[in-house]
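Asks: Given next are the chains, with one letter for each unit.
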Amino acid sequence: MSTQQNSGNPTMRTPQLDRADARLKHAEGIGGTVSAFIDRVRSGDLGSLPVIVGLVVIWTVFTSLNPIFLSPNNLVNLLFDCSTVGVISLGIVCVLMLGEIDLSVGSMSGVASAFIGVLWVNMGVPLPIAVGGALALGIAIGAAYALLRTHLGMPSFVSTLAGLLALLGLQLYMLGSTGSINLPYGSAIVNFGQLMIMPAWLSHTLALLPGIALLVMGMRTRRKRQAANLSSRSVNGLVLRAAVATVGFEVAAFYLNQGRGVPWMFGLFVLLVVIMNYAFVRTKWGRSMKAVGGNAEAARRSGINVTRIYLSAFMLCSFFASLSGVLSAARLASASQQAGTGDVNLNAIAAAVIGGTSLFGGRGSAWSALLGIIVIQSIANGLTLLNLSSSLRYMITGAVLAIAVIVDSLARQSRVSHGRA
Amino acid sequence: MTEHSTNPEKTGAILSLKGVSKNFGAVSALTDIELDIHPGEIVALVGDNGAGKSTLVKILAGVHQPSSGTILFEGQPVTMSGPADALKLGIATVFQDLALCENLDVVANIFLGQEKNAWHLDEVAMEVRSWELLNELAARIPSVREPVASLSGGQRQTVAIARSLLLEPKIIMLDEPTAALGVAQTAEVLNLVERVRDKGLGVIMISHNMEDVRAVADRIVVLRLGRNNGVFTPDASNQELVGAITGAADNAVSRRASRLSPSAASEGARP
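Which chain is which? The protein sequence lines are X and P, in order. For the first sequence, this note's numbering begins at 1 and goes up steadily by one. For the second sequence, this note's numbering begins at 1001 and goes up steadily by one.
Simulated from the structure, these hints should not be mistaken for lab results. Please note that a few of the clues may not be correct.
What the hints assert, rightly or not - Listed below are the simulated DSS-like cross-link pairs for lysine-lysine, each with C-alpha atoms no more than 30 Å apart in a straight line: (1) Lys-1088/P with Lys-284/X; (2) Lys-1199/P with Lys-1116/P; (3) Lys-1170/P with Lys-1088/P; (4) Lys-1199/P with Lys-1018/P; (5) Lys-1058/P with Lys-284/X; (6) Lys-1058/P with Lys-1088/P; (7) Lys-284/X with Lys-1116/P; (8) Lys-1199/P with Lys-1058/P; (9) Lys-1018/P with Lys-1116/P; (10) Lys-1170/P with Lys-1116/P; (11) Lys-224/X with Lys-1058/P; (12) Lys-284/X with Lys-1170/P.
Stated by the list, open to error - Quick look at which bits of chain P chain X covers, simulated, 3 or more residues with Cβ under 8 Å: (13) 1099–1111; (14) 1176–1190; (15) 1235–1243.
Built from N, CA and C at the ideal position, the CB exists for glycine as well.
All chains should be modelled from the sequences, with the hints used to inform the complete structure.
Replies: See below:
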């Protein structure tokens, strides 16, 4: 029935509202979907293609160099590591969406972990209050960046670079002469960061959810669109997508359960990604974010409170950075001077860009944080397995970031010349 | 169309400006401006650079507030303290640069800042409404789910006009709607402007292009150095118009003609 409807026999029914124009090509059937996809990629609308290609290449290379790379337990570790930096990336997506940047996210996460160490371990403040304090500090600093940007016109590049240094200083000051504070093993937060794994049955159940969600929501949208005389996806396509998603996630869950299983911390990260994805795609706030990133003046004239959008983006970014600081303190069972330094900053930004969020604003998705961080952490993890020195690791990660930004710029130029902005 | 000119409503302007002046410090940008807009008519606002057209548009859009004088909307004096007030009254503005977000699709642009259901966007309802608006304008947009960047200049203008119609305004102001367009696209936009008028809206069109103005306007209001400098019908000669705009014909005769012309204009508006 779906094919009949899409082939649009004019004698049988009036054209759908959005299919009345004869000039527009419509993807029909599987062949049409494939050729539409190729057209999109050619015009620079790459979507998650670079990530998938990158992942395949990276995993193939590392597995051939060291078969341990693909072992279930190594992948479980990979997911633990992804969760901490990935949460920062999620915040970075928010500011990149506006065409802004936050370079201080690494230091912010370092400050948050030092905060936990000093308040909870050294001063005996209850853990929830210490965590709440760290997150509140993050939100306050994000607000400061936003106000500097909107009221004083200070480019976020500069204000957050200043913040990077200032926060690093604060981190060193808080940790004092000891330099590092150990979090007690056996405490809930350290267990969460190192040990807590979902039971196998739960991970398999959760792996069913994306497929079910795709199918149920797809069918609902389809019904609504048909009722409104708009074109809609075919049932076959929906079922196929749902089936592919279900099989994929079930296989992944099964494979990870051969090792330790799916970490709760990764579950938390994915939950945050899903929430942010909803916010970006389905809420007025998300639409306003994209509008401000695309054309701030147009957004202002259509009644969007641009200052508030900037505030929300920077506050979310710093909030996620400090949450990541808490998570990484749990992961490492310590708050140290090294927390959040080194390549954390750039990894978080690179992950968002590699995942497909544009540095130039107006384009991005929450999924890019998840996909990008898996690429970045795969590289870091694989290089560690090869016992390469950190000098080489930095150079290789730097090269990957450069390639990601080049791909982004080229894709953007191509989009402009193909009229897809 | 003719029913509008015979309609008693014709005398009841939706919007009238009475002695509106605007000073920026020592500079008087507008002095004693009188302007009436009736439902279902296109008023072209012409004048040289610095004549005060943009200031007038900004006052009507709520961006500036007049220094003196009153604005009557449907007979009631109103004050507009911001763009939101103007929108609420039913005065929509299509800016010269269109103010579209190129990275968003047509639906998102039409509903920008006015999305249905803030916490769970109703995409289907918004898409249906977008098609309704575009179809009312007999617009030819291939797909409303393509980013605006992929549209031509005329199509973008259509989207901007459709967006201004979203809140069901009573008056639309178009600032240089044809300035950046080619011949065919200009004709399309002029058709569009006429369709908006035929919906019974008042249209204020600002343009430097006398040909366009003459093609669609029911009345041509000339501003010069911040003052009314005559109201003409579209069949006024080019010489008269240019004279009024540049001030070459600024004499007692033309001023007398302009005082008498509002009544003449409404009769001669639609031959």
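Asks: If a hint holds in the structure, say so; if it doesn't, say that too.
Replies: Hints and how they fare:
1. Lys-1088/P with Lys-284/X: With a Cα-Cα distance of about 20 Å, the restraint between Lys-1088/P and Lys-284/X holds, given a limit of 30 Å.
2. Lys-1199/P with Lys-1116/P: 24 Å, holds
3. Lys-1170/P with Lys-1088/P: 10 Å, holds
4. Lys-1199/P with Lys-1018/P: 26 Å, holds
5. Lys-1058/P with Lys-284/X: With a Cα-Cα distance of about 28 Å, the restraint between Lys-1058/P and Lys-284/X holds, given a limit of 30 Å.
6. Lys-1058/P with Lys-1088/P: Status holds; Cα separation ~16 Å.
7. Lys-284/X with Lys-1116/P: Answer holds: Lys-284/X to Lys-1116/P is near 8 Å, not above 30 Å.
8. Lys-1199/P with Lys-1058/P: 24 Å, holds
9. Lys-1018/P with Lys-1116/P: Violated, at about 37 Å.
10. Lys-1170/P with Lys-1116/P: 22 Å, holds
11. Lys-224/X with Lys-1058/P: The hint is violated at about 41 Å.
12. Lys-284/X with Lys-1170/P: 26 Å, holds
13. 1099–1111: holds (count 7)
14. 1176–1190: violated (count 0)
15. 1235–1243: violated (count 0)
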